Amino acid sequence: MTSDQLPELAKGSFRMHTSASPPEVSTVSNATDEVFKVADLKVFYGQFLAVRDVNLTVQAREITAFIGPSGCGKTTVLRCFNRMNDLIEIARVEGSLNYRGIDLYGPAVNATEVRRRIGMVFQKPNPFPKSIYENLAFGPRLNGVKKKNDLDDIVESSLKRAALWDEVKDRLKSSAMGLSGGQQQRLCIARCVAVKPDVILMDEPCSALDPIATARIEDLMQELKQDYAIVIVTHNMQQAARVSDRTAFFTTEVNPEGDRRTGVLVEYNPTEKVFSKPDDTRTEQYVTGRFG
Amino acid sequence: MALSQPRQAASLAADLVSDITRNERDLSGKAFRIALLAGIITAFVVLVVLIVDVINVGSPVLSERLGDLLSSTLGSKPETSGLSQALRGSFYIGVFVLLVAVPLGVSAAIFLEEYARQGRLTRFIDINIRNLAGVPSVVYGILGLTVFVQALRAFTGPDSNGRSVISAGLTLSILVLPIIIITSAEAIRAVPNGIREAGYGVGATRWEVVKSHVLPYAAPGILTGTVLALARALGEAAPLILVGATTGFLTSGSSYLPSSLQERFTALPIVISTWSGRPGEDWRASTAAAIVIMLAVVLVANAGAILLRNHYEKKR
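Those protein sequence lines, which keep their order, are chains U and F.
The numbers in the working numbering rise by one with no breaks, and the one at position 121 of the first sequence is 121.
The numbers in the working numbering rise by one with no breaks, and the one at position 17 of the second sequence is 17.
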């Protein structure tokens with residue numbers, strides 16, 4: 001791995017660090033390609049155990065897919081990866097979730113800083129009701145990019161990255177709400193790329209899109225994985241099979257303490273194995289369409 | 001039946017015509033529509049009758065001595081009495097509402113919706129604010145009398161015994177505070193959560209999300225609350241009577257600028273209610289003219305907020 005391939009993180013050049021932030025540089029110098037290491041993760045909503053037994057690692061420059069039936073905790077786990085669950089007051093996390101060797105839920109970790117490195121694309125395209133330009137410039141401005149030239153460059157390169165530049169270059173000042181659903185979702189991906197993250201989390205990014213827009217986003221993901229680790233939650237098994245390198249299969253089990261169902265990670269393997277000869281029969285039943 | 005016994009084409013066509021042309025099923029829908037129409041017509045007619053009547057009665061005064069009416073001070077004769085002091089008082093009440101009640105109310109709404117932990121306490125506070133919006137205005141007058149006029153006399157006006165425009169402005173600011181909080185909180189709640197998540201997702205702090213995304217999106221709703229609050233404050237008379245608005249003579253000058261906010265004051269609704277109690281056609285005409293002017297003042301005061309609201313609405 002050359003230093004060029006490492007995302008901006010290793011260069012440490014694009015953002016000021018507060019003194020309170022953990023010493024990242026030392027962990028990066030001997031960094032493996034392991035971006036996330038999750039061990040015995042449990043997530044509670046109040047008293048309710050939403051998901052348990054999550055053990056997996058996410059590698060750089062790979063796409064990791066989370067599949068499973070509704071309510072199995074895929075999205076819940078994904079939202080732990082950038083501390084988005086902090087926004088839900090009753091959510092609570094147990095177990096360990098390490099990001100490049102740092103405990104993401106450690107006391108000194110600033111969730112806002114985490115989200116600047118670990119970007120997220122949501123299920124429903126959610127552009128800001130502002131111009132296309134402003135959508136992309138918001139994140140970099142937070143990071144202290146002030147000069148118009150720099151912002152222009154970031155806007156252009158991010159839109160090119162998201163394969164949207166040619167379609168919108170003549171109307172950067174018009175509202176993002178005027179874009180089609182697929183364009184809006186690519187805009188959201190561009191917005192995410194614009195803050196130069198290390199990881200991109202995608203929560204069912206194509207579920208609101210038609211097949212053509214879906215195909216474009218999938219192509220885009222293949223592009224982006226050259227530089228980023230991508231974790232994608234999807235309901236679409238074909239999509240997981242098409243795009244991902246590794247697949248985690250979640251399902252639900254009856255909670256011994258109550259009648260509500262708790263999500264559980266059943267199997268985490270290379271995608272090929274999950275879809276051809278999975279270790280667990282439940283995985284096999286699910287991927288062959290016999291359950292869920 | 002239709003499957004086992006196919007109908008003849010001719011009778012089928014006849015049935016079809018009678019089927020799709022009948023409309024007796026929607027009678028209640030039509031009745032409902034008429035009831036709704038009656039509602040809007042009643043409201044509209046009442047409004048038009050009021051305005052036409054007021055303009056009609058006030059027109060002699062408005063056409064003969066509009067400038068004089070606006071620039072003269074209160075007096076004992078209808079032909080020389082004017083509204084300058086009342087306009088001044090109402091203007092400062094409006095300024096107080098904009099500078100005190102709006103920032104306080106919007107801040108409270110932001111705190112309740114975006115910062116406070118949602119729980120029993122916030123629900124309790126929410127219910128109480130809603131109840132406060134329904135408290136009769138006289139009660140706020142009593143509050144203003146005890147707190148601003150009496151307790152804080154040294155600040156609100158030692159020479160006017162606290163019966164000053166400061167007391168009036170603060171009393172009315174508190175009166176409209178619940179309205180502003182409720183409408184602003186409603187507007188903030190209506191901001192799609194996706195926008196917040198998008199902001200947090202690129203690493204914005206709560207403050208950055210509120211400032212850059214939540215408030216601009218909620219601005220039209222917040223400004224609607226401001227319009228309502230301003231109209232209410234400019235039209236209230238009862239609390240002003242309690243905090244000591246002058247009904248008869250006011251010795252301060254006719255200048256629109258007050259020499260001091262601690263002076264005694266009056267306001268348009270007070271003058272209108274006083275004048276309306278005086279005998280004779282001339283006072284009646286002056287009262288109507290004052291009402292027209294008050295309506296104009298409220299419209300002008302709200303025009304700014306409405307323009308601003310349209311500006312933000314276009315941006316969505």
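If you are wondering where the hints come from, they were derived from the structure by calculation, not from laboratory data.
Computed from a prediction, not measured in an experiment: that's the story for all the values here.
Be aware that one or more of the hints could be misleading.
Label-pair restraints from in silico Cβ distances [said to hold, decoys possible]:
| id | chain 1 | residue 1 | chain 2 | residue 2 | range |
| --- | --- | --- | --- | --- | --- |
| 1 | F | 115 | U | 277 | 48 to 56 Å |
| 2 | F | 50 | U | 171 | 45 to 53 Å |
| 3 | U | 180 | F | 192 | 12 to 20 Å |
| 4 | F | 21 | U | 180 | 35 to 43 Å |
| 5 | U | 153 | F | 121 | 21 to 29 Å |
| 6 | U | 69 | F | 42 | 32 to 40 Å |
Note that the Cβ used here is the ideal one computed from N, Cα and C, for glycine as well.
Going down the list of hints, with the structure as the test:
Separation of residue 115/F from residue 277/U is about 52 Å and conforms to the stated range, judged on CB atoms against 48 to 56 Å. Take residue 50/F and residue 171/U: their Cβ atoms lie about 49 Å apart, and the range 45 to 53 Å holds. Checking the proposed 12 to 20 Å range against residue 180/U and residue 192/F shows it holds: the Cβ atoms sit about 18 Å from each other. In this structure the hint that residue 21/F and residue 180/U lie 35 to 43 Å apart at CB holds, the actual value being about 41 Å.
The hint said 21 to 29 Å for the Cβ distance between residue 153/U and residue 121/F, and at roughly 48 Å that hint is violated. Restraint check, residue 69/U to residue 42/F: a C-beta distance of roughly 56 Å breaks the suggested window 32 to 40 Å.
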